[in-house]
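Novice: Sequence:
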Amino acid sequence: MDSDVARGRSGAASRPRPGTRACEDVHRSATVARRRAVTLLLLSVLLPGSAQLVVGNRSFGRIVLRVWFGMLAVLGLLGVVALISLSTVIDLLSTGWVLLVAQWFLYAWAVVWALVVLDAWRLGAPVTQPLRTRRRFAIATVILMLLPASVAYAGSSVSAGRAALAAVFADGPASPASHGRYNILLLGGDSGAGREGTRPDSIQLLSVDARTGRAVTFGFARDTEHIVFEPGSIMAELMPQGWVCGRDCLLNGLYTWAHDHADQFPPEVTDPGIVATREAVEALSGLDIQYYALVDLNGFRSLVDALGGLEITVMRRTPIGGGTSPISSWIEPGKQRLDGYHALWYARSREGSSNYERMARQRCVMSAMVDQVDPRTLALRFSDIAAASTGVLRTDIPQSELGAFAELAMKTRAQKVTGVNFVPPLLKPWDYDVTVMRQIVADTIRDSEQTDEKAAVSTSVRTIPDPDATDGTAGETSRTDSGAAGATTSDPTAGSGGAAEETPSVAVVPPEDPLARPSEDANARTDNIASVCSVG
Numbered sequence: 016m017d018s019d020v021a022r023g024r025s026g027a028a029s030r031p032r033p034g035t036r037a038c039e040d041v042h043r044s045a046t047v048a049r050r051r052a053v054t055l056l057l058l059s060v061l062l063p064g065s066a067q068l069v070v071g072n073r074s075f076g077r078i079v080l081r082v083w084f085g086m087l088a089v090l091g092l093l094g095v096v097a098l099i100s101l102s103t104v105i106d107l108l109s110t111g112w113v114l115l116v117a118q119w120f121l122y123a124w125a126v127v128w129a130l131v132v133l134d135a136w137r138l139g140a141p142v143t144q145p146l147r148t149r150r151r152f153a154i155a156t157v158i159l160m161l162l163p164a165s166v167a168y169a170g171s172s173v174s175a176g177r178a179a180l181a182a183v184f185a186d187g188p189a190s191p192a193s194h195g196r197y198n199i200l201l202l203g204g205d206s207g208a209g210r211e212g213t214r215p216d217s218i219q220l221l222s223v224d225a226r227t228g229r230a231v232t233f234g235f236a237r238d239t240e241h242i243v244f245e246p247g248s249i250m251a252e253l254m255p256q257g258w259v260c261g262r263d264c265l266l267n268g269l270y271t272w273a274h275d276h277a278d279q280f281p282p283e284v285t286d287p288g289i290v291a292t293r294e295a296v297e298a299l300s301g302l303d304i305q306y307y308a309l310v311d312l313n314g315f316r317s318l319v320d321a322l323g324g325l326e327i328t329v330m331r332r333t334p335i336g337g338g339t340s341p342i343s344s345w346i347e348p349g350k351q352r353l354d355g356y357h358a359l360w361y362a363r364s365r366e367g368s369s370n371y372e373r374m375a376r377q378r379c380v381m382s383a384m385v386d387q388v389d390p391r392t393l394a395l396r397f398s399d400i401a402a403a404s405t406g407v408l409r410t411d412i413p414q415s416e417l418g419a420f421a422e423l424a425m426k427t428r429a430q431k432v433t434g435v436n437f438v439p440p441l442l443k444p445w446d447y448d449v450t451v452m453r454q455i456v457a458d459t460i461r462d463s464e465q466t467d468e469k470a471a472v473s474t475s476v477r478t479i480p481d482p483d484a485t486d487g488t489a490g491e492t493s494r495t496d497s498g499a500a501g502a503t504t505s506d507p508t509a510g511s512g513g514a515a516e517e518t519p520s521v522a523v524v525p526p527e528d529p530l531a532r533p534s535e536d537a538n539a540r541t542d543n544i545a546s547v548c549s550v551g
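For the sequence shown, this note's numbering begins at 16 and goes up steadily by one.
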């Protein structure tokens with residue numbers, strides 16, 4: 016005990032007294048050590064490897080610092096190239112092997128950066144600091160370790176993106192533009208429970224000027240009949256007389272029919288449904304279609320949620336439910352941010368509306384997705400979007416063409432897209448003249464190409480008088496329950512293998528019109544998207 020007391024007295028005697036020069040020197044030394052430790056940590060964040068270069072393993076620090084400056088140089092070079100040719104950068108960053116290298120480099124850099132930060136903490140000699148200071152430095156080091164963790168997360172995002180690109184896009188050769196335009200078939204497929212096969216609920220043709228990006232869309236009613244294919248096409252060989260068996264042969268039924276008869280298609284055809292639908296729309300529009308994009312509406316919900324929802328101004332109260340299920344709630348008019356569940360119901364709801372109003376709502380939802388998928392959203396939600404896109408979106412656009420199409424899409428985003436829906440009152444999908452339809456397509460494209468940019472900005476779908484109308488109401492008719500133009504209230508797939516069941520359209524028309532449905536509401540049947548909804 017005496018020795019312990021003696022040691023205590025000796026320690027107390029050796030401790031500098033407050034106010035003395037020795038005490039000031041100790042305090043100054045502690046302050047310098049603390050500042051030194053802070054500096055080393057900050058250097059490891061701003062210039063990884065510089066702390067080791069100053070007071071640690073200089074060879075290791077020199078290597079890390081060179082890698083860091085090399086990364087900054089590569090990023091700077093990509094930025095400069097992007098200003099000159101954005102498509103070149105996108106092509107590079109969408110190449111499989113480049114993404115694979117980037118993925119593993121980011122993983123490796125995350126580990127190295129974490130080691131550098133921990134080593135900087137060690138070099139700061141935390142054991143010589145007071146307990147309170149050591150705790151603060153430990154907390155600061157843990158916070159700074161979030162930076163290497165974010166790099167590892169970036170690596171996982173690159174991995175998800177690489178997998179999504181491989182799953183969504185094709186590996187085949189690129190198709191050249193036709194007469195200076197890219198024509199892309201956009202399909203919203205529905206393979207829900209209780210349905211036989213996949214049926215396109217939404218059928219649109221997007222035609223984009225390959226130089227200016229100015230685009231027009233053409234919407235085709237899924238119950239379009241009397242389709243005669245172009246000579247020399249695959250479908251013309253299979254159906255020389257065309258797809259012309261009345262209500263049992265609708266446009267959206269071709270997809271399922273083709274898959275049910277896949278053995279009749281050439282061996283090189285990997286998706287008979289796409290080929291059949293593509294050749295049908297080519298026959299209707301008179302345009303050569305280079306590519307297609309198919310969205311599975313069953314996975315659409317997860318994709319919208321990954322985007323953070325869609326902003327849509329709803330013009331008409333839309334039910335959730337109906338038909339064989341009771342209406343559980345409503346999507347009310349006004350500006351709404353719809354999550355995946357409500358956006359899907361808004362696009363698919365049938366109760367109290369016609370197929371043509373549904374077409375307008377689906378077009379509005381698709382426009383909202385295109386409008387709101389900006390670089391910021393992609394950057395913040397890239398991993399979620401990539402994961403949600405797999406199995407939801409499918410296209411034959413080659414992965415090698417992503418750069419060119421991304422640059423073209425940016426031009427298109429700067430302009431409003433005009434469009435035509437081939438529905439009443441423009442024309443009757445069960446009773447129309449295909450030459451008139453083709454002329455409307457040609458005229459719309461010509462007007463789009465010849466109109467100056469300011470006049471080309473239009474938020475509504477183009478309305479064209481029904482060429483078959485003889486008075487103010489003849490063009491606003493819908494189908495009847497007679498003959499080949501019979502009603503589509505029942506499932507017509509029994510004989511054709513895949514057309515969707517139809518609910519009666521809703522609009523009041525003159526009873527003297529032999530093609531009228533008295534139960535219909537004229538306000539619910541429109542080809543004007545602005546009267547149904549708007550984006551944002």
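A hint or two may mislead.
Taking CB as the label site, the calculated pair distances span [to be verified]:
#1 181 / 320: 17 to 25 Å
#2 111 / 153: 40 to 48 Å
#3 85 / 111: 20 to 28 Å
#4 421 / 546: 28 to 36 Å
#5 111 / 285: 37 to 45 Å
#6 328 / 153: 46 to 54 Å
#7 349 / 112: 44 to 52 Å
#8 111 / 320: 34 to 42 Å
#9 546 / 340: 23 to 31 Å
Simulated from the structure, these hints should not be mistaken for laboratory data.
These figures come from a predicted structure and were not determined experimentally.
Cβ coordinates follow ideal geometry from the N, Cα and C atoms, glycine included.
Novice: Which of the listed hints are not met by the structure?
Specialist: Those not satisfied are hints 5, 8.
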